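Peer 1: Letter by letter, the chains look like this.
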Amino acid sequence: MTGLRGKLVLLVLQNAPLLLFAVLVIVFGLMSDRFLTPINFVNIVNQSSHIAIIAIGMTFVLLIAGIDLSVGANMYLSAAVLGVFLPGLPPLLAFPVVVVLGLAFGMVNAFMITQLRVAAFITTLSTLFIGRGIALYFSGNKMVPFSKDVLTFGRTAFFGVPSAIWVFLVVLLIALVVLRLTAFGRQVYAIGADPDAAAKAGINVKRVVFSVYCICGVCAAVGGLVSGSQVAVASSTFGFQKEFPVIAAAVLGGTSLFGGRGGVLGTVFGAVLIQTVENGLVMTNANPYLYPLVISVIIFIAVFTDSSRTTVLERLERRKIRVEPD
Amino acid sequence: MNTVDASVVSMPRAQAAWKRLLLSEYLVLVLTVVYFLAMWTIVPEIATLDTQLDILSAMMPLLVVAIGQTFVLIVAGIDLSAPSIIAMASVVGASVLTGDGGYASGTGFEIAAGILAFIAVGCAIGTFNGICTTRFNMPSFIVTLTTMMFFSGAAIWYTTVHTDASSIGNLPRAFVAIGQDRVFGLPISLAVVLAVAGTAHFVLSRTVYGRWLYAVGLNPRAAAVSGIPVRRVIFWAFVISGMCAAIASILYTGRLETGTPVLGQRILLDVVGAAVIGGVSLFGGKGKILWTIFGVLFLTVIDKSLQLLGLPIASVFAIKGSIILSAAIIDAVRHRLLVRA
Amino acid sequence: MPENNSQPLLAAEGLCKSFFGVEVLHKVGFSLQAGRVLGLVGENGSGKSTAMNIIGGVHQMDAGRIQFDGADYRPKGPRDAAKQGIAFIHQELNLFRNLSIAENLFITDFPKLVPGLPFIDRRAARASAAKLLAAVDLNLSPTTVVNRLSQGERQLVEIAKAIGGKARVIIFDEPTTSLTTRETGRLFDIINRLRQQGIAIIYISHILEDIMRLCDDIVVLRDGHVVGTAPKSEMTIEGMISLMVGRRIDQLFPPREAPVTPGTPVLEVRGLTQHGTVKDITFTLRAGEVLGLSGLMGAGRSELARILFGIDSFGSGEIVIQGTPVKTPTPAACMDHGMAFLTEDRRAEGLMMEAPIGHNIALSSLQTYASGLAGVIDRTRLDGDIAKISASVQIGARDIARTLVKNLSGGNQQKVVIGKWLLRAPRVFILDEPTRGIDVGAKNEVYKIINRLAAGGAGILMISSETEELIGMCDRIMVMAHGEIRATFERGGFNREEILRAAMWDGIRNAAQ
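Protein chains in written order, with the numbering used here: chain A, 52 to 377; chain B, 4 to 344; chain C, 20 to 532.
Hint data in this document are derived by calculation from the structure and do not stem from the laboratory.
Treat the hints loosely; a few may be bogus.
[To be verified] When the alpha-carbon atoms are kept at most 25 Å apart in a straight line, the in silico DSS-like pairs for lysine-lysine are as follows:
1. C/K102 - C/K150
2. C/K251 - C/K46
3. C/K102 - A/K257
4. A/K251 - C/K407
5. B/K291 - C/K425
6. C/K95 - A/K257
7. C/K131 - A/K257
8. C/K102 - A/K251
[Said to hold, decoys possible] Pulled a few chain B residues facing chain C out of the computed Cβ check, cut under 8 Å:
9. R209
10. T210
11. V211
12. Y212
13. R214
14. R224
15. A225
16. V228
17. S229
18. P232
For clarity, every value in this text was computed on a predicted model and none was experimentally measured.
By construction, the Cβ of each residue, glycine as well, lies at the ideal position given by its N, Cα and C atoms.
Please build the complete structure, drawing on both the sequences and the hints.
Peer 2: This is the structure:
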C-alpha cells in the first residue's frame, strides 16, 4: 500500500547523495585510470580538508536553524593575522593565538544574535564586512606570505598523511564526540527541532546558541590556518565567498537549513563529494569553466531530493482523527 | 507594563522626539542627510554637482537590483542569484549586440534584440528560482545559492565560447548610451531607474498583486484561506527580481561598454544590506520602494564619501559592515519599542 | 502505598483565572490523594485544561491557593512544576522527534561518564532508559528515534519521562484521543500500576466510560465552576452528563425567525470521505438556514470545514455549491461560488496581525475592486465599502486605515474576519467556532450578524463546541463523532443531553458492550 511505497521512495531519497557519489566515482573511474588511485584519494581529502573543517562548524550553526555568513571573512582574518603579526612564531605557538582570535570573532556574532537579538543572517552579513575590512587593513590589501615554518607544516606528512588531513580528522573527531556524546550536542539537536519545547524542557537555549556560534568561529579560523599553510600566500580574496561552498557541503551532506537534522559526518561527505567532482573533472580533462556548473547542479540535485524527502515525510506523518485499519 | 507607560508620559519632550525619530520611516533618510552634512565639513567635494551625479549614476544599477530584491523579501524569500543574473545577462546580451560577430549585429534591430536577450535571461533564471521555491518547496536561500553558483560559472564559460578575451566588447554606441549618456545633464540610466522605481512603487501600493505580496509575507496561511494564489504570488516575485537584475545588467554593461562575466559579483551583500537598512524585513511582509531607495542612497553616499576621503578598501569594508550592523541593532531596538507601544 | 488516605497530596482551593477579562475559572477547588486517580470531566471550555495548566505551571493563577505535600505550591513554570514532582502530559506531546527515546528522557540531565566532565554515559543512559521503558511496558530499544514511534508509544515515553523525573502527580490531558483500542488498554494498565505505586493521577477525558473504568474520584466542571465532586461509586455516566449540561441562562440569543419555506439548497454534500479524517458525510444546507455542527474536540468538524472550503483534499464524494458541482475545490474556486470560511484559529489563519484593519477586510475581495490589466485597485470605492462593512459589524476602532489588528480585542478581531467575508456578500458561510475567546457582548453582536445574514438568504454552517449556542442559534444541528455524522436534530427537537450523548457515542457504545 501507500505506506510501503512511501517508505521505498523515502529510502531512495534518503540515500540520494550516496547514490550520486557512487555513480560519479564509477563514471570518473571509467574515464580516467588516474582517478581511482589511493594517492588521488588522499589528494581529494587533502584539498577538501579546509572546507570540511569550516563546514563542520557550520553544521553546528545549521543544526540550530541559524546561519553564519562570516566564515570566509573569519578565515581571511586568521590568515592575515598569522602572516602579518606572527611570522616569527613557530606554528605551535602561533596557531593557538589565531584560534583564540577566531573564537573571539564567533563570540561577537553570538553576542549580537543571543543578547541583542539581531537576526543571524544580518549579523553575520555585517561581521563579514567588518572582519574582511580589518583583515585587509592588516594586510594592506597586499599578498600575505606565510613564514617558512607554516609552509613546512602545511607540506609535512605524518605517517604518509598530510598535516591538513590530520587537523581535519582531529576537528572531526572532536565534533563527533561533542555532538554525539555530550549533553550539549544532544541539546543542539533538540533546539533545532523545537526551540520552544527545548526552553520548556529546561534547556538553556541562549547558552547553547552562543556556544554554537563560537564553535563555528573557531572552525573557520582553523580552516583558515589549514588553507593558509597549503597555499603559501594569502591574496586579498582569500576566503572570499567561502561561506557558499561551506553551506553547500553541509546541505549536500543532509543537514537541513531549518535545524535539527543532519550531522558532521554527512557534512564531511558533502565536502569530499564536491572536491571529488572537481578532481574527477580535472582528471578527465573537462573544460575547467564547466566545473562550477557541474558542482552547482550536483548541489541542486541534493537539495531537491532533500525537499522531496521532507514533503514525503510530512505526508506520512499527517495527523489522523479516525483510527482506521490499514 | 504600567511602569513603561508611566515613563513615556513623564518622558521629557526631547526624549519623546528622539523616540519618534527612531520609529519614523524616514530615519534612514535623516541619517543619510546628517552623515552627508558631517562629511561636507571634511570633504567639501562631496557637495559638488559632479559628485552628486556620480553618486546618482553609481546608485542606479544597485537600486534596480534592490527593488527586485524588495519584492522577494516582502514574501519572506531571498534572491542570492541577482549578481549571477547580472553577469549572465551581460554576456548573453553582449553576445547578441557586439559588433564582433554578434547574433543580431548589423540586422538593424540589434539594440532591441540585445535588450530582449538581457530581459529574457533575467526572466528565465527568475522563473527557475520561482518554480523551485513554489513547486518543489525548496528554501529560496539554497535554490538561489545554487543558481548563483551555476550562472556565475556559466557566464564565464559562455564568454570563453564567444571570445578569447575575458569580456565581450565592441558594443553599439546607441546601447552604451543607455549606461553613460546624459540628457539635459541627467543620466539616462536615471530615467530608466525612475521608471522602474515608479512602476514598482505603483505595483506595491496600488495593485491587487502588491497587496497580495504583503499578505503572503505577513501570513501565508491566512492569505491562502482568503483565496490568494500564494504560490503564484511568490513565483512572480522571483521573476520580477530576475527581471530587475537584468535591467541593472543593461545599465552596468552600458556603463562599462563590455559584457563581463564578473559583473556585479560583489554587490550581492550590498543589495540585501541596502534593503534591510532601509527597513525591509527579512521575515517578510514589511517593505517599501521608498525605504529601499533610502537604503541604497545611504550605502552609496557612504561608499562615495569613503572613496573621496581616499580611504583604503579595508576601511571601506569595515565601515560598511559596522553601518549595516548598527542599522540592524537600531532595527532590533525599534522592534522592541514597537512591541511595547 | 499511601501512608495516610485522609491527607491529600495535592489540594487546590478557590482557583480563579481570567483571560482578557473573561473569567474561565471561578473558585475551583479539588483535592487529590496519593495512589488515587481523579477524573476531571466537563464540556469544551468548562475550564478543565486551564485548571490543569495552573497546576502544571503553564499558567499562573489570579487567585486561590494550592497545597502540595503540605506546603504552598506556586510553580514558576512547567520546568519548576516538573522539578517539584508534578508532570503534565499534554495532548500535543512535547518530545523531540529527531532524538532517541533515551535522549528525550535525559535531555537536561544525562548521566555522565565522569562527574564534572560533559561526556554522556551512553550505556548508563540506555540502561536507565530501558528500566523506565520497562516500567511503562514499552518493549522498544532506548535508542529508537522518537520519529518512528506511534502516537501511543510516544505517550508512554512521556509517562516514562514523568516517572524518571520522580513525579508524584501525573496529569493526563485527553490521552486517548489518538490511540488505538489496544494502546488505550495498555495505557490504563500502566496508570493502574502507577496508582499502586502511590502516584496520584489527574485524568482529563471526554470519554466518560473511561473515566468510570479508571478513576476513584470524579470532579465535574461547568463554565469554570465545580458542579460536582464524588467518589466513583456515587457517580453514573448519566449523572455526569446532566451535571455537565446543567442549566444556563448566561447567554441571550437574539430572536430568530426560522424561514417559513425552506430555501433552495446552497450547499449539498454527498458521501464525502477522506481516509483518516471524515467518512461518508452527507447533508444539505439551504438558503436562509443556520445549520449547526456539534461534536467534541477532534471529532473532525474543523477538518470537514477545511475540506469543504478546498483547503484540504478529499478522497471521494461530491460537493455542490449553489447548484454547481465543485470537482477540485480550492479556496479561490469556493469563493467564486459564493462560499466564505471563518477559521477556528483567527490568529494563524484568519488575520494579518501586523496589518491595519482595512487591509485585512479587503484581503479576500481585492480583485472585485480592481480594473485593467495591472489590477489597479479603486481605492475610493474599496475604502467606502470597507467603512460601510466595519460600521455594520461595529468594529470598535477609531482609525480603520491605521489601527493594526494585533492591537484589537479578540471580539473586534473576530469582527474584522467576519467583515472580510461580508465584503464578498457570501451565500454560503462556514463559521468555525465564531465566538471562541470573545466576550459576551461581542458574542451577542456576532449572533446578530449571523441572523441578519440568514435573513438575507445566505446558508450558514456553524461549528461550535458550545451546545447552548447551537441550540440558541440553529435551525438544525448535526452531531459529529470520529469523523462521521452520528445524529441530526431539528429545531423543536433539540435536547442538550441527547446531543451530548450523540457526541460521546463511543463512550456509550463501549459501556453497552
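Peer 1: Are any of the numbered hints broken by this structure? If so, which, sorted upward?
Peer 2: Number 4 only.
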